Amino acid sequence: MDPDAVAKAFVEHYYRTFDSNRAGLVNLYQEGSMLTFEGAKTQGAQAIAAKLASLPFQQCMHNISTVDCQPSGPAGGMLVFVSGSLQLAGEQHPLKFSQMFHLMPTPQGSFFVLNDIFRLNYA
Amino acid sequence: MNPDTLAMAFVGLYYETFDKSRADLGSLYRQGSMLTFEGVKKKGVEAIVAKLTSLPFQQCQHNVSTIDCQPSGAGGILVFVSGSLQLPGEQYPLKFSEMFHLLGIPQGSFYVLNDIFRLNYA
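These protein sequence lines are chains A and B, in that order.
All the letters of the first sequence, read from the start, carry residue numbers 1 to 123 under our numbering.
All the letters of the second sequence, read from the start, carry residue numbers 1 to 122 under our numbering.
I should point out that these hints are in silico values taken from the structure, not numbers from a laboratory.
Any given hint could turn out to be false.
Stated by the list, open to error - Keeping only pairs whose Cα atoms sit at most 25 angstroms apart, straight-line, the calculated BS3-like set for lysine-lysine is:
no. : chain 1 : residue 1 : chain 2 : residue 2
1   : B       : LYS42     : A       : LYS8
2   : B       : LYS95     : B       : LYS42
3   : A       : LYS41     : A       : LYS96
4   : B       : LYS43     : A       : LYS8
5   : B       : LYS51     : B       : LYS95
6   : B       : LYS95     : B       : LYS20
7   : B       : LYS41     : A       : LYS8
8   : B       : LYS41     : B       : LYS95
9   : A       : LYS96     : B       : LYS95
10  : B       : LYS41     : B       : LYS51
11  : B       : LYS95     : A       : LYS8
12  : B       : LYS43     : B       : LYS20
13  : B       : LYS20     : B       : LYS41
14  : B       : LYS42     : B       : LYS20
15  : A       : LYS51     : A       : LYS41
The model shown is predicted, which means the values in this text are computed figures rather than measured ones.
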């Protein structure tokens with residue numbers, strides 16, 4: 001399958017899960033996964049899911065503007081670089097963000113997130 | 001060496017080279033390196049340097065706001081940068097985000113295997 005199409009499909013699945021079933025994100029990470037969210041570092045699927053579930057908003061909607069991807073090396077990993085906006089309920093203006101994922105293949109033919117770095121883009 | 005320290009040192013070197021001696025960026029890439037610059041994909045040292053030296057500005061200054069890094073597995077380091085790019089004559093700097101995947105070379109230094117750059121429009 002075309003890597004760009006795989007990246008795009010993963011990204012859409014990720015944000016759809018984030019926006020409609022945030023707890024379900026735990027299935028996209030594994031024990032060695034790392035998240036840096038606005039500078040705060042967390043490791044492991046459970047801790048990462050807990051961090052994301054504890055963010056100070058109940059509802060949100062991610063709108064993706066750009067998705068770039070590149071293969072990360074011989075292990076079959078894929079780097080995905082996303083920019084977009086995050087609309088929070090009740091807020092007039094959406095927040096802009098950039099996020100990078102390093103996806104690694106699973107034996108079942110899917111991907112999990114090994115590395116995840118998120119930053120808001122302030123004006 | 002502490003990965004955060006390494007990432008900071010690399011980012012400082014990269015943008016200093018970009019801003020003062022852009023053609024010398026070639027020493028930071030290798031044959032298998034990949035650059036995606038505002039959606040345009042390039043591969044290899046020559047093509048990447050040609051792309052960066054052909055950007056529509058002679059001078060520029062990068063100001064880094066944030067640097068995040070994580071080990072990528074197999075000895076590599078992922079570096080995620082946000083900052084602004086000041087072009088001469090422009091009143092307002094451009095905001096950008098950039099990610100680098102650095103791999104180690106035997107001399108104890110690093111090269112850029114993956115590089116993705118995006119401007120952050122308001």
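The hints, checked one at a time:
1. LYS42/B to LYS8/A: Holds. LYS42/B to LYS8/A sits at ~20 angstroms (cutoff 25 angstroms).
2. LYS95/B to LYS42/B: holds (22 angstroms)
3. LYS41/A to LYS96/A: holds (20 angstroms)
4. LYS43/B to LYS8/A: holds (21 angstroms)
5. LYS51/B to LYS95/B: Given pair LYS51/B, LYS95/B holds - Cα atoms ~20 angstroms apart, limit 25 angstroms.
6. LYS95/B to LYS20/B: holds (20 angstroms)
7. LYS41/B to LYS8/A: holds (17 angstroms)
8. LYS41/B to LYS95/B: holds (20 angstroms)
9. LYS96/A to LYS95/B: holds (12 angstroms)
10. LYS41/B to LYS51/B: holds (10 angstroms)
11. LYS95/B to LYS8/A: holds (24 angstroms)
12. LYS43/B to LYS20/B: holds (23 angstroms)
13. LYS20/B to LYS41/B: With Cα atoms ~24 angstroms apart, LYS20/B and LYS41/B stay inside 25 angstroms; holds.
14. LYS42/B to LYS20/B: holds (22 angstroms)
15. LYS51/A to LYS41/A: Holds: LYS51/A and LYS41/A sit about 10 angstroms apart, inside 25 angstroms.
Consistency note: the structure conflicts with none of the earlier hints.
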